[in-house]
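Following the hints, put chain B in place on chain A, whose structure we already have.
Number of protein chains: 2
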Amino acid sequence: MSIQSEDQILAVIDAFFPRRHPSLLLGRGDDCAEFASASPLALSTDLSLDDVHFRSSYFSPEEIGHKVLAVNLSDLAAAGAVPLGFSLGFICPRDLPLAALEGLFRGMAALAAAHDIPLSGGDITVGDKLGFSITVWGGAARDHSGRVVPFLRRGAVEGDVIFFLSQVEGAAASRPASGLGLARLGLEVLEKGGRAALRDCPAACAALLKPRPQLAAGWRFALLAAAFQDDHKLALPPLKVMDVSDGLRRDLPRLLDGYRRLEAVAKARHGQQPGRQHIPLGADLDFPAAALHPEVLRAWRVREDGAGLAPALEGGDEYGLLCACVPGLLPALVAEAEREAGQPASLLVLGRVSAAPGIRWRGKDIGDMLPGDGFDHFSR
Amino acid sequence: MSIQSEDQILAVIDAFFPRRHPSLLLGRGDDCAEFASASPLALSTDLSLDDVHFRSSYFSPEEIGHKVLAVNLSDLAAAGAVPLGFSLGFICPRDLPLAALEGLFRGMAALAAAHDIPLSGGDITVGDKLGFSITVWGGAARDHSGRVVPFLRRGAVEGDVIFFLSQVEGAAASRPASGLGLARLGLEVLEKGGRAALRDCPAACAALLKPRPQLAAGWRFALLAAAFQDDHKLALPPLKVMDVSDGLRRDLPRLLDGYRRLEAVAKARHGQQPGRQHIPLGADLDFPAAALHPEVLRAWRVREDGAGLAPALEGGDEYGLLCACVPGLLPALVAEAEREAGQPASLLVLGRVSAAPGIRWRGKDIGDMLPGDGFDHFSR
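Protein chains in written order, with my numbering: chain A, 832 to 1211; chain B, 832 to 1211.
With the rest of the complex left out, here is chain A (with noise of 0.2 Å):
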C-alpha cells in the first residue's frame, strides 16, 4: 500500500513525534515553530538523498530514519552542543509504501527520543526520490556550577596531539578498536554483496548503516577542555574538534585549517584586516595499523608497513570526533572516554600537529599512498 495524501504522511509523523515538548512554545502544524532560545545556539543542515548518501536497496527504512538524523547530530557533537530540537524536509516518492514511511520515522523517532529532542515542523513534497533535509540546533553545555561551556572550536597548533574518538558497535571493552575505516569498509562490501555483507562484516556495516553520534562525548569533552583552559589560564581553547563525514584526508586539513580562519576573524572583528601571510600547519601520524578493527585489518590486508591502509584514510562516512588538543589535556579525555558506560568508545591517538606543511604517516606524505582525492560529490 502506498501513500494517498499529505495528511497521511502527517499521521504518521505525528504517530512517532510527540507535538508538545518542554522546549518548543508552538509545535508542528504552523508557519513556524517557536521555542524559547539558549544563546548562543548552534545549527546545522544536512541533506540526505537516496543513491548519494544512503541506498535504500540495502538500507532498511528503520536504518535511513536513524541515519539522517544521526549524520545531522553528529555536527552538533562536533560542536559540544547539547541538542534541542530539530526540523524536516521530507522528499516523499510517491510510491513509497506506507510500511516503509513508517519504518523510517519509527527510526528517526527512536535517536531524537533517546537525546529527548522534538521535531518542531518542517515542510514534506513529492520527488522522484527518497531525501531528507535535517536542520538541528542546540545550546552550550553549562558546568556543574551552571555555567555556560563555550563551544567547540578549531585552531589547532603545533604540537597538538591529534585522535579520533569513534564507538563501535560490538567492540570488546576490554581493547576497542578504533573505528577509522570501518564506515568504508561497510560501503565497499555492501555495495558489492547487499546486506549478506552483515554476516562477515558486521562491524563495518552497523558503521554505516547506523552511526552513533558522539553527542555525550562532545559535551563533556567541551566540559573538560573549559576547566583546563582555566586552570591552566591559557588563551587558545585547548581542545579543538570536528566530525570526519568527507573522510580523514580531506577533513584533517579542515582540522588544521582552522586557527588560520579563527585568527582571520578575530583580526577582522577588530577592525584589522585579515592577515595574508599563510600559517602552513601539518600532521605527522604514527599510529600502528594494528589499533584498525579486526574487520579492516582482515579486508584490506593491513600490515604494520602502512600497506592496505589507505582505504581507511580516505573513507568518509566516520561521524567520529577527529580531535586536536594540547597535551597536557589528553589524559583526563583519555579517562572521559574510558568511562563511557556501556559500549566503550575507542579514542586513538593518531599524532601531532606539526609546523611542516602536509600530512605523513610514518614519515610518508599519504598523498603517495592514496590513489584518489578524498570524497567530492561533484568530481567523481
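It is possible that part of the hints are untrue.
[Unchecked claim] Below, computed lysine to aspartate or glutamate pairings styled on DMTMM-like, alpha-carbon distance capped at 20 Å:
| # | chain 1 | residue 1 | chain 2 | residue 2 |
| --- | --- | --- | --- | --- |
| 1 | A | LYS960 | B | ASP926 |
| 2 | B | LYS960 | A | ASP959 |
| 3 | B | LYS1195 | B | ASP1082 |
| 4 | B | LYS1041 | B | ASP947 |
Hint data in this document are derived by calculation from the structure and do not stem from the laboratory.
Structure of chain B alone, referenced to chain A:
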C-alpha cells in the same frame, strides 16, 4: 561550462554572501553555525524542488534563487517575526551551467541583503534535479519601549474579520487590486506559453516568479495587535495570521482551526486532557469579485455573480498574509497597509468568521463552486 567541484560552488556562494555578519558568532565552514540567539525564536523549513515548486524551464536562475528564499521568509512574516538568518541545503545537478549557478545565488543574495540576513551555512550535494531546502529563523519584534512583542498565532474566533494582504507588482497606488488568484493565473499562463506569457499577464507572472514576502507588514501588524490587546485588555490575541501557500480553500480552514489547537495545547499545559468537543468554525465571504486583479478578471472572465471566481479560491503559491482580526483592530491595520511606501499593499476584506461550519461566498458553499480539492502533492 558546468560545475567541476564542490569547492567551486562554495567559491560562488562566498562571492555572493558575506561570511561575517553581526548576528553570527561563527559562520560558514565549520560543523555548525553559531549565533547569539534571540528568545523566543521562530523557525521554519521549506523544500523547493525543480518541477515541483518551480520550473527551471521558465524561471530565470535569479527568480529561482529569489523565490526559494522568499517562500521561507513568508512563514516568518506570518509569525510577525524579524528574520535573523538562514541555512541552505543545496541539491545541484552535475550539469548545471556555472552561469546558472551564479544567477541562482545572485537572486537569493539580493533578497537576503534586502532583509539583512546572513547565510549561516548548510550542505551541498549532487542530485538529479535542482533543489533547495532552506531553514530561516527570526526573533520577535520590539515596540518603541523595547518590549518584546509576541509572535502572531492562529486562533480565529466567531465574528473576526477575515482579510488577505498581498502586494502586487506594478499596481496603481490609487486602487491596488488584490493579489488573490494572481499567482495561480501566472502558473496557468507560464505553463502554457512559457515566458512569452509575461507580455499579456505581467502581474500574474511576477506574482508566481517573484513573490514578495510581507515581512514588514507582519511585524508592524504584530506591534499594532499587541498594543490593541493591551489597550483593550483582551485575553485572546486580536490578530491571527498565516501565509497562503496551498490556496485559500485549503489554508482558510487551517486558520479557522487554530483556536481549537491552541485551546488543546493550553489545556494540556494545565494538565487537562485536550477537549474532545468539536468547535466548528466556518467563514462567510462576501468580497466583490471585481476586487481581483484586472488580469485575473479578464483571463477567467470573472463575473459579479461569482462565475469564474473558483480558480482564485483554489490557487496556491500566493504568499500573501491571510488574517483574522477583531473588527475594532481593522482600521489601524488598513491604515498601516496603505502607509507602506512605494509599492502599495492591497488589503482585501474577504468576510467574517462564522459559527456555522463550512466556507461560503455570498451564501454559496465554495465546495460546490470548485471542482478540485485544493493542492496536495500526493493526491494529484
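Going through the hints against the structure:
no. : hint                  : verdict
1   : A:LYS960 / B:ASP926   : holds (19 Å)
2   : B:LYS960 / A:ASP959   : holds (9 Å)
3   : B:LYS1195 / B:ASP1082 : holds (19 Å)
4   : B:LYS1041 / B:ASP947  : holds (18 Å)
When each numbered hint is compared with the structure, no violation occurs for any of them.
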